[in-house]
Amino acid sequence: MKRILEVALGLVTSIGGFLEIGSITTAAQGGAAFTFQLGWAVALGTICLALLLEMSGRLAAISKHTIVDAIRERFGFPFSLFPSVIVLVVSFLVMASELGGVALALQFVTGIGIRWWALPIAAVAWLLLWKGTFGMVEQGVSLLGLVTLVFLVGAIKLHPDWGAVAHGLVPTMPSHEPAHYWFIAVSILGASITPYLFIFYSSGAIEDKWDSSYLPINRITAGVGTLFGGALSLMVLVVAGSVLVPRGIQVDSVEQVALLLTHVLGRWGFILVVASLAIGPFGAVAEIALASAYIAAEELGWNWSEDVAPRDAARFSMFYTVLVFLSVLPIALGLDPLKLTMISMVLTAASLPVSVVPFLLLMNDERYVKEHKNGWIGNTAVALIVLMSCVLAVVSIPLQFMGG
Amino acid sequence: MPAACVARACGATISLATACLVTACGGPPAPSEAAQTVGSWGATAQFVTERWNQSAVSRKFTVVTLRRAGSELEALAKKVAQLPDTANGRATLVAGLREIRAEIAALDTAAVHDDHATAARIAPKLAIAAAQMDTLGQRLQSQQQAQSK
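Chains as they are written, first to last, in the working numbering: chain A, 131 to 534; chain B, 109 to 257.
Because the hints were derived from the structure by calculation, they are not lab data.
Each hint should be verified, as a subset may be incorrect.
Quick partial rundown of chain B residues pointing at chain A, CB under 8 Å, derived from the structure [unchecked claim]: (1) Gln144; (2) Ser148; (3) Ala151; (4) Val171; (5) Arg176; (6) Asp242.
In this text, a Cβ means the ideal position worked out from N, Cα and C, and glycines have one as well.
Take the sequences, apply the hints, and build the full model.
Here it is as structure tokens:
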């Protein structure tokens, strides 16, 4: 019974915690610009994330090491510092854009500008981390995040051409604006395969004291849960393609995303989308801050755990405290949350090989995962998707900006 | 050695992000792209007003969206002004942009005063102007593609 409950909770966490500002806005942009044609990017990103999450849970359950800890032990401190710092820098940008997402949602409700909201949101996120436990951060916010199921309801009520949606799952060349097409594809991939997610997942598995008996739960949570989450992301793309394309509306700002379901669900469509825009990104702010503190603490050998009092992991707690409040700066200084989101997602995609390749090597090292090594399918799929994301990012960034 | 390496990596990432942000904000857009952006914001303003008139969104959100549309188009107008006079479709683009900005400003005033009747009168005109801009953008894009071939 306990295990069934754990599986259920894991699934809820994966589904409710999947959509945040990056995945919502990039999928909406893809749908508004190319209808269902970029569905494949959502599908590829989701498959890659599911594989990486399963691997990180397996590594933690078998070796009792987190990803950062194992990379440092296996490759040495000087080598491991490089991917850790890159992930920290990129995660900081993602965190700032998530904070901007929550601030925008609050602006939509109150009319008060986003700059005024950045600090109070950071304070609430910090309070959750300071007073809360790992379970509260991971599961509490994800339970509320189930509100994002509204995109599934909306997509069904819009009666899209499901054949065309299925056709979009197969990669095709764009008929117009190729630079923009690939730029959005990379943003979608970057939004899905964010390194903080699998670093957070592996540290969480250690926090929850996983052992080899958790492998089936890990497989279900990472596989089924993530695929359901990815399906929600696909529904955002479907809704945007169905609602915005006929009206000639591109997604240049989050206001346009908030309007997505007002046509089919009326006032509730607006309320639930704004709630999705607030809850998902808020959970992401807390998770990124925690994941960043895990990285720093594991890299530098500090005490770490979200389940102990802050005074017992003082440097760990101080790290997330400083980071949460620093993330206020980009929004308070007036950076546009959507632009920041797009740029941080593309940079995430460009930096993926740095964080994923050492991890893949670990997953093939018997000293860490014993007989639970990766199969060739998992290795090949993750390596190809990560390489493709990186190459596309490097190529599409200059093309997109040269084209304005 | 690792510290220098990490510093270089951090520097490169931050420089790339800054470069992206700076280039994303500068330079005049292609007329086709500008026309489609104008059409998109016009259609957004029309859509939010229509939803507000049907009580699907709040007045506060309507005002926030209309102001956003106004400020985005104001920034775009400055960039469009940098386009050479000979740029294909420039005159139609400038006229359409001016008309849509004026209608969005009027809608903003109507929303602030909770004046649904005025908003309902302006919104259809805005929809037509936005559709015209979208068509112009598509036409210019087709011409651009034909020329590049």
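Hints, verified against the model:
A distance limit of 8 Å between C-beta atoms decides the matter here; for B:Gln144 the minimum to chain A is near 7 Å, and the interface restraint holds. Taking 8 Å as the C-beta contact cut-off toward chain A, the hint placing B:Ser148 at the interface holds, the least distance being around 4 Å. At about 5 Å, the closest approach between the beta carbon of B:Ala151 and any beta carbon in chain A falls short of 8 Å, and the interface hint on this residue holds. Interface restraint check for B:Val171: the shortest CB-CB distance to chain A comes to about 7 Å, inside 8 Å, so the restraint holds.
Hint status for B:Arg176: holds, given a least beta-carbon distance of 5 Å to chain A, under 8 Å. For B:Asp242, the interface hint holds, the least distance from its beta-carbon to any beta-carbon of chain A being 4 Å, beneath 8 Å.
Hint check: no violations occur; every hint is consistent with the structure.
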